[in-house]
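Visitor: Full structure from sequences and hints, please.
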Amino acid sequence: MNKMESKNILLIGVGGQGIVLASEIMSEFFKRQGYDVKKSEVHGMAQRGGIVSSHVRIGKKVYSPMIEKGKADIMLSFEKMEALRWLYYVKPDGIIVSSNVKMVPPIVSTGAFEYPEDVEDRILKERPDAKILDIVSALKELGNDKVTNVIMIGALSTMFDFEPEKWLEVIKEAVPKKVVDVNIKAFNKGRELMKN
Amino acid sequence: MKVLLSGNEAIARGAYEYGCVFASAYPGTPSTEILENVQHYKEITCQWSPNEKVATEVAIGASFAGARALCAMKHVGVNVAADPLMTLTYIGVKGGFVLVSADDPGMHSSQNEQDNRNYAKFAKIPVLEPSDSQEAKDFVGKAFEISERFDTPVILRMTTRTSHGKGLVEIGDRVEVDVKGFERDFSKYVALPMNARKRRVVVAEREKKLKDFAEETDLNVIEDGKGNVGFITCGISYVHLKEVLPDAPVLKIGMPYPLPIKKIKEFVSRFEKVIVVEELDPFIEEQIKAEGIKVYGKEYFPEIGEFSPEIVRNALVKAGVLKEENKVKAEDKAIPRPPVFCPGCPHLGIFYALKKAKAKIVTGDIGCYTLAAIKPFEMMDTCVCMGASIGNAIGMEKALGSGKGIAAVIGDSTFIHSGLTGLVEAVYNKSTVTIVISDNSITAMTGGQPDARTGWNCEGEPTGKMDFELVARAIGVEHVYVVDPTKMDETYKIVKRELEADHLSLIISQGPCVLYPQKVKREKFYTELENCTACAMCSKIGCQAIYRTMEKTEKGRFKWNIDTTLCTGCGLCIQMCKFDAIRPISRKGE
Ligand code: SF4
Ligand code: SF4
Numbered sequence: 000m001n002k003m004e005s006k007n008i009l010l011i012g013v014g015g016q017g018i019v020l021a022s023e024i025m026s027e028f029f030k031r032q033g034y035d036v037k038k039s040e041v042h043g044m045a046q047r048g049g050i051v052s053s054h055v056r057i058g059k060k061v062y063s064p065m066i067e068k069g070k071a072d073i074m075l076s077f078e079k080m081e082a083l084r085w086l087y088y089v090k091p092d093g094i095i096v097s098s099n100v101k102m103v104p105p106i107v108s109t110g111a112f113e114y115p116e117d118v119e120d121r122i123l124k125e126r127p128d129a130k131i132l133d134i135v136s137a138l139k140e141l142g143n144d145k146v147t148n149v150i151m152i153g154a155l156s157t158m159f160d161f162e163p164e165k166w167l168e169v170i171k172e173a174v175p176k177k178v179v180d181v182n183i184k185a186f187n188k189g190r191e192l193m194k195n
Numbered sequence: 000m001k002v003l004l005s006g007n008e009a010i011a012r013g014a015y016e017y018g019c020v021f022a023s024a025y026p027g028t029p030s031t032e033i034l035e036n037v038q039h040y041k042e043i044t045c046q047w048s049p050n051e052k053v054a055t056e057v058a059i060g061a062s063f064a065g066a067r068a069l070c071a072m073k074h075v076g077v078n079v080a081a082d083p084l085m086t087l088t089y090i091g092v093k094g095g096f097v098l099v100s101a102d103d104p105g106m107h108s109s110q111n112e113q114d115n116r117n118y119a120k121f122a123k124i125p126v127l128e129p130s131d132s133q134e135a136k137d138f139v140g141k142a143f144e145i146s147e148r149f150d151t152p153v154i155l156r157m158t159t160r161t162s163h164g165k166g167l168v169e170i171g172d173r174v175e176v177d178v179k180g181f182e183r184d185f186s187k188y189v190a191l192p193m194n195a196r197k198r199r200v201v202v203a204e205r206e207k208k209l210k211d212f213a214e215e216t217d218l219n220v221i222e223d224g225k226g227n228v229g230f231i232t233c234g235i236s237y238v239h240l241k242e243v244l245p246d247a248p249v250l251k252i253g254m255p256y257p258l259p260i261k262k263i264k265e266f267v268s269r270f271e272k273v274i275v276v277e278e279l280d281p282f283i284e285e286q287i288k289a290e291g292i293k294v295y296g297k298e299y300f301p302e303i304g305e306f307s308p309e310i311v312r313n314a315l316v317k318a319g320v321l322k323e324e325n326k327v328k329a330e331d332k333a334i335p336r337p338p339v340f341c342p343g344c345p346h347l348g349i350f351y352a353l354k355k356a357k358a359k360i361v362t363g364d365i366g367c368y369t370l371a372a373i374k375p376f377e378m379m380d381t382c383v384c385m386g387a388s389i390g391n392a393i394g395m396e397k398a399l400g401s402g403k404g405i406a407a408v409i410g411d412s413t414f415i416h417s418g419l420t421g422l423v424e425a426v427y428n429k430s431t432v433t434i435v436i437s438d439n440s441i442t443a444m445t446g447g448q449p450d451a452r453t454g455w456n457c458e459g460e461p462t463g464k465m466d467f468e469l470v471a472r473a474i475g476v477e478h479v480y481v482v483d484p485t486k487m488d489e490t491y492k493i494v495k496r497e498l499e500a501d502h503l504s505l506i507i508s509q510g511p512c513v514l515y516p517q518k519v520k521r522e523k524f525y526t527e528l529e530n531c532t533a534c535a536m537c538s539k540i541g542c543q544a545i546y547r548t549m550e551k552t553e554k555g556r557f558k559w560n561i562d563t564t565l566c567t568g569c570g571l572c573i574q575m576c577k578f579d580a581i582r583p584i585s586r587k588g589e
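First to last, the protein sequences are chains A and B.
Mind the numbering: the first sequence is residues 0 to 195 in numbering that gives the first Met the number 0, read in order.
Mind the numbering: the second sequence is residues 0 to 589 in numbering that gives the first Met the number 0, read in order.
Hints in this document: simulated from the structure, not taken from any laboratory.
List of simulated lysine-lysine pairs, DSS-like, C-alpha gap at most 25 Å:
| id | chain 1 | residue 1 | chain 2 | residue 2 |
| --- | --- | --- | --- | --- |
| 1 | B | Lys551 | B | Lys577 |
| 2 | A | Lys130 | B | Lys332 |
| 3 | A | Lys70 | B | Lys328 |
| 4 | A | Lys177 | B | Lys520 |
| 5 | B | Lys251 | B | Lys123 |
| 6 | B | Lys123 | B | Lys208 |
| 7 | B | Lys317 | A | Lys70 |
| 8 | A | Lys177 | A | Lys139 |
| 9 | A | Lys130 | A | Lys194 |
| 10 | B | Lys520 | B | Lys539 |
| 11 | B | Lys317 | B | Lys288 |
| 12 | B | Lys518 | A | Lys145 |
| 13 | B | Lys518 | A | Lys176 |
| 14 | B | Lys288 | B | Lys208 |
| 15 | A | Lys101 | B | Lys539 |
| 16 | A | Lys124 | B | Lys328 |
| 17 | B | Lys357 | B | Lys577 |
| 18 | B | Lys297 | B | Lys326 |
| 19 | B | Lys264 | B | Lys123 |
| 20 | A | Lys145 | B | Lys520 |
| 21 | A | Lys90 | B | Lys322 |
| 22 | B | Lys225 | A | Lys59 |
| 23 | B | Lys251 | B | Lys207 |
| 24 | B | Lys225 | A | Lys60 |
| 25 | A | Lys171 | B | Lys1 |
| 26 | B | Lys554 | B | Lys577 |
| 27 | B | Lys120 | B | Lys288 |
| 28 | A | Lys124 | B | Lys332 |
| 29 | B | Lys251 | B | Lys262 |
| 30 | A | Lys59 | B | Lys251 |
| 31 | A | Lys68 | B | Lys326 |
| 32 | A | Lys130 | A | Lys70 |
| 33 | A | Lys177 | B | Lys518 |
| 34 | B | Lys326 | A | Lys70 |
| 35 | A | Lys68 | B | Lys322 |
| 36 | A | Lys68 | B | Lys317 |
| 37 | B | Lys326 | A | Lys124 |
| 38 | A | Lys101 | B | Lys374 |
Guide: This is the structure:
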């Protein structure tokens, strides 16, 4: 991708998955590369297990902090049913990356709804070019279930021409000292998963 | 240096740079982070107040003493603060006084979406509205200047997007502004009728001066562009418009009241047609039309809900400015994911008891516990505003002729905010309802701010801890009970007895929030699936850690399990299980 090209990056997931931190890291990274950055998310009830979405917009000059529906260039979904829900937000030629993690909403326990079993098939049927990453296995391998956000940043980094070291610089500053190592591994894992 | 700041962080930064020495607030989404960030600047004394009225009154006191003062609140908080504000407008200020109102178009986490620019017109004071974080910071400085120059309080109006959205902000150093000290001035500071009548005239003169100021200030700027349609816009609407129509000729209004009418007339005369783009009320549009100037606006734009770039685009298509694009359909292909109580939340036990005791009517209030209104509890029948639960319950009783089976549920922070006077009402007017304070000793909903019940203040210093039991007794409540909501039988018995009793009672249900001030650490529980008979009793307490498995009993019913990563060990579910299937984790492998 050319430097300073405008990009709309949409992050989607569930409260507690570290989406806000991921969007903070991205925003800081692009700021350091000289981009104008705006981002927005809605807090509030979301912290009680609701949907969390974060819009990150970069370019030479960015006005609105919100991505227009149907105009996201990149969607990173931390949960697969949420990917399905938000597919319509992505441009027809946009990049869709989803985790294969399944987080069943507690409302399912009331018997009022069922978590659809064929989520991945439905994503691929609508958007055959979507990439579904095996984050379930990756988290097991890394021995830490809190690093989906940095795996996703690793995945995002493959879509830009910046040195991985530059990304890692920001990640190292943003995460607590004792988990720096596992986050470096998570970042590399994200890059590796995108190659497959 | 440029840093990435949210609008709320930028306001805090602005308070710092522009010499603010005092800040107060009551937490409320989307305004909470303002004071949370002011807290990081040791030059500014800051405090959480029990409600927005008090927050405003202490900030007024600081201003009277000659200090630059700021108070912050969500839009509905301004209703609570309206009393002091509407007279402060007559009195004026000494040190600059800024009231930040963070509105919530779209009602992301509010009970209404009132447009608080209307307060400025109502109070005859200026309102400034930034469109991004940089302006949020800059406008704090301008607001202080205007406040001092024109002897007026100033409203700084934010919205959820400008408060929570982040952008790059050029930061600078603090400029100290001296605290001038208080000087007695009976005719100004004492709003007796004889003084207020004179001040009323001063307000009218001030408004005239502010109108002249509006014409010259760089808060209102014209940006030249292409085309024969011009736009007048303000706040977040400006950035959406520029996004959709980057070359649009724009008169950007940074001060929506009072408006620069001459500037607007001149701008309008340049174009075939001028459209006002503003979220929520036609606040600017109506003022312009009242001057006999022809503009368009709400013919194309919705008055309801939050704006987004696509809403602005669709309106511009309707106005014939843009051509229709392929519309994106947002059909929902996934199941809903409504917010839920945290696992082991102290509110669970008390709502379960109210449900089991078959409370007839539960009037509710504002906090995490409002979640009890939706599935799985559906045990909250009303929710109006902060503190309303108690008054509502009393009114129900008076109308229905009996208080039996009627309960009001309110949290500790909300009780301190506006429930105390309701309790006085209950005693004084001989109510017999059951009032429950679900007391987790923190303001949890907005992210765990301390309140007068917590035991420490905004700066983290230990301070007095309000004793609800003593307060209630002093007010005259005879039947006061303190319960532990994780002790199910005991809680149920007291709730049941008091609901049926012929007297007023106060039940204080005390248990720690599992998230704030820190995550609780208790032994977790697990399910011995072999013992589970699929009776589903544990699922009735509304804990999200408990889920239905795909494993069936011989009779073909699904068994239930505990997600031990989510469990916080409150021990409610174990009291529901008659088959020794739920056990503390230390018993695993026995
Ligand atoms: S002990 Fe039971 S009810 Fe309490 S948090 Fe754990 S699973 Fe939920
Ligand atoms: S934040 Fe605290 S009070 Fe709110 S739902 Fe969670 S445990 Fe309950």
